[in-house]
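**Q** As a plain string of letters, each chain reads:
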Amino acid sequence: MKFTDKVASTQSHPLHATEIRILQVNLGYRCNLSCKHCHVEGGPERKEVMSRETMGYVLSALNKIPVKTLDITGGAPELNPHFTSFVQEARHNDIHVIVRSNLTIFFEKGMEYLPEFFRKNNVEIIASLPYYRQSTVDRVRGNGTFEKSIDALRILNRLGYGNGSGEAVLNLVYNPQGAFLPASQESLEEEYKKELWRSHDIDFNRLYTFTNMPVGRFKNFLVRTGNLDTYVQKLSCSFNPQTLEAVMCRHILNVGWDGKLYDCDFNQMIRLEISDKYPRHIRDFDYSLLSTREIAVDDHCFGCTAGQGST
Amino acid sequence: MSDYYKDEDLDRFGEVGKHNPELYQKFMDWYTTSLTPGALSRREKVLIGLAVAHAIQCPYCIDAYSKTCLEEGMGLEHITEAVHVASAVRGGASLIHGIQAHNAVNKLSL
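Protein sequences appear in the order of chains Z and L. Counting from 1 along the first sequence, just add 94 to a position and that's the residue number in my numbering. Counting from 1 along the second sequence, just add 117 to a position and that's the residue number in my numbering.
Calculated directly from the structure, the hints in this document are not laboratory data. The beta carbon of each residue, even a glycine, is placed where N, CA and C say it ideally should be.
Quick partial rundown of chain Z residues pointing at chain L, CB under 8 Å, derived from the structure:
{"no.": "1", "residue": "227"}
{"no.": "2", "residue": "230"}
{"no.": "3", "residue": "272"}
{"no.": "4", "residue": "275"}
From chain L, some residues computed to sit far from chain Z (all C-beta separations above 12 Å):
{"no.": "5", "residue": "155"}
{"no.": "6", "residue": "176"}
{"no.": "7", "residue": "179"}
{"no.": "8", "residue": "223"}
The whole structure should be built from the sequences, with the hints applied where relevant.
**A** Here you go:
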């Protein structure tokens, strides 16, 4: 059954946004890593990068949103040449800033300033750590990645991140390392906390479990290994109508590196733009129109509605 | 015999209930309830399932429980340790029967 049909069987109206709490902005697809599960297909060879002009449109749009949160993603967003001024300007305007970091970027040449910069600007960090064991992480993200990630987490802990005071928030992200769904967020968070503390003296605030979407590099893996049909069927069979209330596209707006608007990062990757009934570029941002927009959906959306849902 | 067990046959499990739906439903209720968290967590129960799957060498159960282990956030390290426990208990079960052999030999010996 198609996703639209599944929604129609659950509720009488298509999926709509209820507000825009968060502006999620992709600063570009360039990354120092080339992770096997990356739906963005980020990597060192990617050229797409958000311009300073487009960043200006983003900051201007944030001034029109009642709740101001800027969620910065990539690639490795820190590699955008305007990254620091963008963050500083947002913070100056009292905007809560979240940066989705791969952690290993701290050890790239010229990037050593990042941990202190994040702390000084009170940036919330959402860091990828697909598992708490070295062999698994290195298999998915490349050799040496786990050790660098652990070193980066130690630095962040020393700066006060993740100590539970709520002042410097450090959240981690788990992705399944293959064609299967994630464990419950609660049980896996408990396991991560226990293992990272026991083996590495590392603490963090929350663990988010993400379902891998059958798009980008992960979809290529599914096709190559003959797992695509089974995986898509699993997502579809795990459809949980209760997740429709809280699914992220209902309260975020996603901005591509070129300023185009999407309902989520996954739609951006498959170039599924928001409906042409609404402004489609950040320079034309209109809160009242966009905060109640109809969400553009396709069958990959089963990934956000499977089981407990994907945050 | 190489294709005696077929992947797609696992999805046909429900057909087993065709000739006695009542017993099948009772089995399914029992099975589902047994895996519900109680004094043991779901992770622990899934690992027990995996270990038993190896002890009884059921291909369907091994495939299904390996996948469920991944879905419960466990990896090959957890799976390998569980398989060792199953194998060690099974090996020990054979070895302890050495006593029976000793008993039999002793009974027959001068």
